[in-house]
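S.K.: As you go down the protein sequences, you meet chains L and X in turn.
Quick note on the numbering used here: the first sequence kicks off at 1 and runs consecutively.
Quick note on the numbering used here: the second sequence kicks off at 1 and runs consecutively.
Rather than coming from a laboratory, the hints here were simulated on the basis of the structure.
No residue lacks a Cβ here, since even glycine has one placed at the ideal position from N, Cα and C.
There may be inaccurate statements among the hints.
Take a look, some chain L residues computed to stay more than 10 Å from chain X by CB distance [claimed, not checked]:
hint, residue
1, Ser7
2, Gly16
3, Leu81
With the C-beta cut set under 10 Å, the calculated list includes, among others, these residues of chain L facing chain X [to be verified]:
hint, residue
4, Gln41
5, Gly42
6, Arg55
7, Gly58
8, Ser73
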Amino acid sequence: DAGVTQSPTHLIKTRGQQVTLRCSPISGHKSVSWYQQVLGQGPQFIFQYYEKEERGRGNFPDRFSARQFPNYSSELNVNALLLGDSALYLCASSLGGVNEQFFGPGTRLTVL
Amino acid sequence: AQTVTQSQPEMSVQEAETVTLSCTYDTSESDYYLFWYKQPPSRQMILVIRQEAYKQQNATENRFSVNFQKAAKSFSLKISDSQLGDAAMYFCAYRSQNSGGSNYKLTFGKGTLLTVNP
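Model the full structure from these sequences, guided by the hints.
M.R.: This is the structure:
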């Protein structure tokens, strides 16, 4: 079975632009979570979605938004990019609840 | 809010030797999960081992074992017979076990970079 997939692998944007990152969960998984990992730090929670509803939001500005589609794939949008948004963005999927979260390989975003 | 602290930014071990990575956490909850994740240079975060707080027995997975001290809020990872493939960044993580559809976010420490010397 395919694991969690994310696209694109790498992305370079300039300040002020907008970006959309995509995540496809493991088949059968209904929960998707997004994390931001700045170089040299541990991942920080951004959003969790379960059954297309937002179930949690981390301490990130409103420039960050996400949604989950009927097929349980998800998009993370970041508007008005700042240099500090440069990071590895990780997506994790799970069956939901206390079940294990499986991570994708991440999208490396560089903001110039 | 829960916090996770990994006080060792870097550790090194000789191949075939044993190494212990430290983690402490702070929480007011009584039910929760603790995890160790491995992140090699390929960036894929891989679950190494998990511990349920209500279980007194320490979790083990082959060469990996934990020392869970609930009262001390300590959760260390022991890697026995270290192999070159164990070289990676290791993250300790916490997750609440509240029910009712609440979010089950993971709270990570800053990580420990493990080097395995041949």
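S.K.: Each hint: holds or not?
M.R.: Checked hints:
no.: 1; hint: Ser7; in the structure: holds, 14 Å
no.: 2; hint: Gly16; in the structure: holds, 27 Å
no.: 3; hint: Leu81; in the structure: holds, 21 Å
no.: 4; hint: Gln41; in the structure: holds, 6 Å
no.: 5; hint: Gly42; in the structure: holds, 3 Å
no.: 6; hint: Arg55; in the structure: holds, 4 Å
no.: 7; hint: Gly58; in the structure: holds, 7 Å
no.: 8; hint: Ser73; in the structure: violated, 19 Å
Consistency with the previously given hints fails for number 8 only.
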